Amino acid sequence: MKLWRIAGPGAAPQLVPLIVEGEPVVEVAIGEAGRGRSRVVVPIYGDGPEIRAKRTGDAVVLVRGSFPAESRCLVVVNPVGEYDRYRDYRLYCPDGSVEVLSSGTIAFGQAGRTNSGEEILAVVTAGTEFRLHSKYASHWYRWDGESWRLETPEARKARLALEAVQAGEGEWL
Amino acid sequence: MTPHRCLTLRGDRVEQGIAVQQHRVLFDPRWGYVRSNPGLIAASPLKEGTLEIVAVAVTAHGAVLQPQSGEARRELVLVQQYSTGTGGKRWPGFRVELGEEARLLGQARTDCGSGGEEWFLVSAPLGWAENIASQFINARDYPSQAITYRPEGLVVDSEFPEGLLVAFGGDKEKARLFLEKVATLDHSALDEHEMSCGRARVRAEVIRVSGDCDFFLGGDPKSLAGFIRPADEGLAEPPADELDSPLAAAFRRAGYGN
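Residue numbers (our numbering), protein chains in the order written: chain B, 1 to 173; chain V, 1 to 258.
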């Protein structure tokens with residue numbers, strides 16, 4: 001599996017590099033430290049182009065190795081983004097399999113007592129899609145087994161409408 | 001499949017075709033702006049360009065406009081409703097009330113900024129867009145209008161001339177009151193030269209004869225001067241040179257211009 005990161009609602013998914021400046025990346029951090037927050041560090045060990053997750057009791061570690069390529073992927077999703085008093089920071093309308101392995105908390109305000117949200121590390125299967133809401137707009141994310149597709153609701157509706165017509169559905173006026 | 005002729009309707013203007021970008025009907029508002037998701041008006045297999053004649057399919061996700069050839073039997077109208085914002089607030093807003101003759105297929109709207117727009121796509125009978133456009137009065141200080149389709153062609157308010165309503169910002173009560181004052185005015189006492197002068201002298205002359213300081217009810221004396229005439233001359237729009245400035249009229253009389 002590859003490890004991806006979605007930095008916030010509306011952000012394009014980025015492949016997380018496993019080697020930075022010649023040095024292997026040894027951990028991935030989720031959430032943030034501070035009052036009303038929680039920061040979780042997931043260690044990465046081993047060597048190889050692929051990565052798999054392994055549960056060790058209550059914790060999770062990421063193991064690098066020469067594993068066969070999979071259609072699943074590991075992804076760190078930050079559904080929080082910027083502050084919005086009335087928003088529920090989460091994944092909306094998940095369709096498919098989103099298996100949450102670990103999560104940290106991101107909050108606002110010095111005391112962290114305004115609404116907060118969970119940044120998650122998850123394994124998603126091919127064909128999984130979900131929506132993230134930013135302060136004003138929303139975006140759809142779809143993992144197709146090889147890459148992520150990021151769409152606005154309008155682009156998604158247009159694609160689905162065109163696919164429906166190609167499949168012979170719909171009413172002709 | 002019924003071939004639809006694509007039209008774009010904005011106020012009193014009807015243009016041929018509907019613009020498409022990225023397989024979607026383009027939403028490009030001039031008033032307000034889009035910060036959230038505006039909505040899908042319709043999709044099209046055409047990636048980019050202008051649709052002229054289409055067949056329309058309605059799916060659970062939205063309408064699809066398939067380019068086609070042939071003679072149109074209905075209209076597909078992209079109605080661009082708007083309310084004006086900063087810099088244009090004295091101009092009227094444009095809104096359309098849909099009746100049973102039109103079928104709504106998709107819409108998009110702005111959500112913030114000064115002024116706002118809401119565009120929608122309708123399937124309507126031929127002549128629908130022209131009918132709506134002909135009813136919209138796009139004159140400064142005229143109020144915003146919500147227009148309905150009138151197939152019988154009753155598109156002009158027969159009670160008052162358009163210029164009179166425009167002069168009073170669409171206020172029919174003021175227009176009626178003004179005409180009552182005109183009817184009781186002693187027209188023979190008006191100095192013809194003064195009435196052809198600028199607005200200040202027109203106003204002063206009418207007040208001198210009528211004794212009514214509020215004769216024009218807040219309207220522009222120069223715009224209304226053409227309507228001050230004996231009742232037996234009727235209520236038609238005044239000739240263009242009566243509404244022009246004295247200088248323009250003088251030039252016209254001298255043979256310059258049209």
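Hints were generated in silico from the structure; no laboratory data involved.
Any given hint could be a false lead.
[Stated by the list, open to error] Within a straight-line C-alpha distance of at most 35 Å, the following computed DSBU-like cross-link-like pairs (lysine-lysine) qualify:
(1) B:K135 / V:K181
(2) V:K47 / V:K174
(3) V:K47 / V:K172
(4) V:K174 / B:K135
(5) B:K135 / B:K2
(6) B:K54 / B:K2
(7) B:K2 / V:K89
[Claimed, not checked] Take a look, some chain B residues computed to stay more than 12 Å from chain V by CB distance:
(8) E50
(9) V63
(10) A69
(11) R142
[Said to hold, decoys possible] Restraint ranges, calculated between C-beta atoms of paired labels, are given here:
(12) B:T114 / V:Q22: 35 to 41 Å
(13) B:E151 / V:G87: 33 to 39 Å
(14) V:L98 / B:A29: 53 to 59 Å
(15) V:P45 / B:G57: 37 to 43 Å
(16) B:A29 / V:Q22: 47 to 53 Å
(17) V:S114 / B:A167: 42 to 48 Å
(18) B:V100 / V:G113: 24 to 30 Å
(19) B:G57 / V:S114: 29 to 35 Å
(20) V:S144 / B:T114: 51 to 57 Å
(21) B:A111 / V:P143: 26 to 32 Å
(22) V:T148 / B:Q14: 38 to 44 Å
(23) B:L150 / V:P45: 50 to 56 Å
Just so you know, these numbers come straight off a predicted model, no measurement behind them.
Glycine included, every Cβ here is placed at the ideal spot set by N, Cα and C.
Which earlier hints turn out false for this structure, listed by number in ascending order? Violated: hints 1, 2, 3, 4, 7, 15, 16, 18, 19, 20, 21, 22 and 23.
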